[in-house]
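> Listed here are the chains, written in short residue letters.
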Amino acid sequence: MLAYHRPTTTEEALALLPNATGTVSLYAGGTDLLPRWTRGIVPWAQTVVDLKRVHELRGVARDNGEICIGACTAMSDIESNATIREHAPVLAEAAARIACSQIRSRGTIGGNLCNASPAADTAVPLILLDATLELARLENDKVERRTVPIVEFFKGPGSTALASAEILTHIRVASRPSTWLAKWDKFGTRPSMEIAVASVGLALDLSNAKVQDVRIGYGSVAPTPLRGRAAEEVLKAKPLTEESMNQAVDAAKAEISPISDVRASESYRRQLVGVMLRRMLERARNS
Amino acid sequence: MQETLETVPFSCVVNGEPVTLAVSPRATLLDALRDKLELTGSKYGCGEGECGACTVLLNGKPVNACLVLALECSGTDILTIEGLRENGNLHPLQQAFVDHGAIQCGFCSPGMIMAAYALLESNPTPTKQQIERSLEGNLCRCTGYRKIVDAVQSLADGVTSHA
Numbered sequence: 001m002l003a004y005h006r007p008t009t010t011e012e013a014l015a016l017l018p019n020a021t022g023t024v025s026l027y028a029g030g031t032d033l034l035p036r037w038t039r040g041i042v043p044w045a046q047t048v049v050d051l052k053r054v055h056e057l058r059g060v061a062r063d064n065g066e067i068c069i070g071a072c073t074a075m076s077d078i079e080s081n082a083t084i085r086e087h088a089p090v091l092a093e094a095a096a097r098i099a100c101s102q103i104r105s106r107g108t109i110g111g112n113l114c115n116a117s118p119a120a121d122t123a124v125p126l127i128l129l130d131a132t133l134e135l136a137r138l139e140n141d142k143v144e145r146r147t148v149p150i151v152e153f154f155k156g157p158g159s160t161a162l163a164s165a166e167i168l169t170h171i172r173v174a175s176r177p178s179t180w181l182a183k184w185d186k187f188g189t190r191p192s193m194e195i196a197v198a199s200v201g202l203a204l205d206l207s208n209a210k211v212q213d214v215r216i217g218y219g220s221v222a223p224t225p226l227r228g229r230a231a232e233e234v235l236k237a238k239p240l241t242e243e244s245m246n247q248a249v250d251a252a253k254a255e256i257s258p259i260s261d262v263r264a265s266e267s268y269r270r271q272l273v274g275v276m277l278r279r280m281l282e283r284a285r286n287s
Numbered sequence: 001m002q003e004t005l006e007t008v009p010f011s012c013v014v015n016g017e018p019v020t021l022a023v024s025p026r027a028t029l030l031d032a033l034r035d036k037l038e039l040t041g042s043k044y045g046c047g048e049g050e051c052g053a054c055t056v057l058l059n060g061k062p063v064n065a066c067l068v069l070a071l072e073c074s075g076t077d078i079l080t081i082e083g084l085r086e087n088g089n090l091h092p093l094q095q096a097f098v099d100h101g102a103i104q105c106g107f108c109s110p111g112m113i114m115a116a117y118a119l120l121e122s123n124p125t126p127t128k129q130q131i132e133r134s135l136e137g138n139l140c141r142c143t144g145y146r147k148i149v150d151a152v153q154s155l156a157d158g159v160t161s162h163a
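For the protein sequence lines, the chains are S and W, in the order given.
For the first sequence, the numbering used here gives the first residue as 1, with consecutive numbering after it.
For the second sequence, the numbering used here gives the first residue as 1, with consecutive numbering after it.
Hints listed in this document are in silico derivations from the structure and should not be mistaken for laboratory results.
Using N, Cα and C, we set each Cβ at its ideal position, and we do this for glycine too.
You may find that some hints are simply not true.
In silico negatives: residues of chain W with every beta carbon more than 12 Å from chain S [to be verified]:
1. Leu57
2. Gly106
3. Gly137
FRET-style restraints, in silico, Cβ to Cβ [claimed, not checked]:
4. W/Asn59 to S/Ser175: 25 to 33 Å
5. S/Asn19 to W/Ser74: 16 to 24 Å
6. S/Thr21 to W/Asn59: 54 to 62 Å
7. W/Pro9 to S/Ser164: 29 to 37 Å
8. W/Val98 to S/Asp250: 53 to 61 Å
9. S/Pro177 to W/Gln130: 30 to 38 Å
10. W/Ser154 to S/Lys142: 53 to 61 Å
11. W/Thr40 to S/Pro43: 26 to 34 Å
12. S/Gly158 to W/Glu38: 52 to 60 Å
13. W/Ser154 to S/Gly65: 46 to 54 Å
14. S/Glu282 to W/Gln130: 28 to 36 Å
15. S/Gly158 to W/Val19: 32 to 40 Å
16. W/Gln130 to S/Thr189: 37 to 45 Å
17. W/Glu86 to S/Ser159: 37 to 45 Å
Bound conformation, chain W alone (with noise of 0.2 Å):
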């Protein structure tokens, strides 16, 4: 027999705005962010935390979107590559990805940006070993890490914090 599932109300800040869904309760937050919110920026790639295309952040933390139920984000905050924008332009280490030409097919590029993101809200100055190390849970298919660590390596002079 298939189970009926009930959708399931919650809410949650996301990228600085209230938001108040309904999901099913197996719906994940990156089912809730595409499908719900339509903010598509965050990928599903592997689905099962391996290549950090779904990284957004939660209450600050680097999370794989598909490993976190929606309705665990009740009362959360969550940032993801759509926040980062500011004035309706590129937030500073989305440009130093263009810029450093770190970008290929674009499709780990999200996840890469927001895993970078959380480092440098950290750590405003980290070495390339701590760059790398904070990308190690994302994938970049067409293999362009270096273009990638260069972008981040850009920035680590301090990146302007996102109000």
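This is chain S alone, in the form it adopts within the complex (with noise of 0.2 Å):
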């Protein structure tokens, strides 16, 4: 590394982009890139864009029946945050599972989503929550916004919708109705420092004792997170039954394309995956 620098609005961090000095890294808590750059698994970014002094990345806040977080919030700031605890619980203990307190003093759910594991674990909850995206670039000196839906930000393995010279500046997720549950939960072989072998997150309105809405991600059992829209389409409309949740476990079964690796088997995360699903239908049936 030649340049650090340590901007502090997003214009000013956009700008250095196209002007520095040979391979540029965009860097938040560090968590990922710090290690694998002194462990020399990949090679130290020539210069270095540290984007948790700008301001606006930081905390969370109530925009218009909606919670704006910004990209470089730390995930103990999502796990403690009382918004996010009261209208998107799940995104909170999502980010309460991630590795251990020193991680998440630092982590930050930008970068959870920016480094696009299959493994993120506040994809999931995110996917459920309909999670827009905000990303901004310098157009003309002037810096432009867009939004992405969060299913369409991963595109594989460590890739994603962000454009060369472009920050992800905000996540965004919409306040749900009381009567809204969701559910996430990670499977490893500790409770901690884990990267899940697999998730599956559930999100239902059951009001009327019929499936009104319904939301199901799954992650490490694809190339990207993933939502359930398979498994979502068999749910819909009608009242959770022996019969619907077993169609769903099988299309939940059929609709993700797990790998072997080092941490399971494509069978057994398959397997896995259905009784996940299975219980956590259970569980909201009876609750």
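Assembly of the complex is requested from the two constituent chains, each provided in isolation within its own frame, with the hints serving as guidance.
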């Protein structure tokens, strides 16, 4: 690394990107990037643009019924934020299960998403919440912003919809009715410091004994975090029955595409997703 | 071609003392603490945030000093295991580790103590479960976890705040 920059505005950060020396890296919590550099897994970026002091990228705000989360908000702040705990508790619960307190103090929600790991712990909760991501770039020296639905943000392992000189600035989620219950769970061999073998999220509005609205998401079982549209479809607009739950489990196992790796085999992951979804549906029905 | 890395100066507060350091842009906070300030209580274990042996408090929050660039710490307040000492005496939390035999080889102890200190600062009366959770990022390869949790729990009625 030759140059370390610490801009305080998004405009300043964006202006650094086209003129930087050599390879450039946007840097937030550093909990993934820094050990890759120090351990020689990837070469150091020659220019590091640290985004943590960009004021608008930090903190959580209410905005027209939406919750607006700055991309550089640390996981420990997501976990403890009163607005998120009240209006999007599934996100707070997922943040609280990432790694350990030391990592959560530094790691940011934007970093978790921009790393684009299929196992990113905040991705599936944000899919349940229909999050939209706000991206900023410079055009003719002016900050231009666009929004991308979360399911369109992930393109593959380590790959996102971000253009080369673009920054993820905010994550927006809408408040939900109180009948809307969302749960997310990950499976691993230990409760902490664990990269999910598989994760499943389920959000349901079960008012009047019928599935009024449903969102399903999966992590670590496809090239990207995945929305479970096929499993959602078989549950929609009917009561939760043995039959519909079985169909949803079958649909879930069919729409994922897990791989075998050091943490688990493809067939184990497929089985696991079925079991996890089944248990979540049963719990929802019995609650 | 080898990059020439010029050192960059920055200032922060370490254990209550303002310090100005000149470090390579690639230096981690742990490098700066150990090699520049000779504060070798914080240990290098894994270098990737798995073991917690380098845990220090950065602006009051527990962090792995190996996962923070030194330059990121400009203007911050850092507390290391060396800063817990009060008037030449061990901090009550350090004393509790001694009294409970919560130290075997001692390599994980500074990190364990700093992680537990962070917990007790934010929650002076944690449950056993909360203590265990606060230490989830700290490995003890002598596997002495039970005595470590006991030591922290003995202080759970309120640790004297560090001035």
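> Checking against the hints above, which ones are violated?
1, 3, 6, 12, 16, 17
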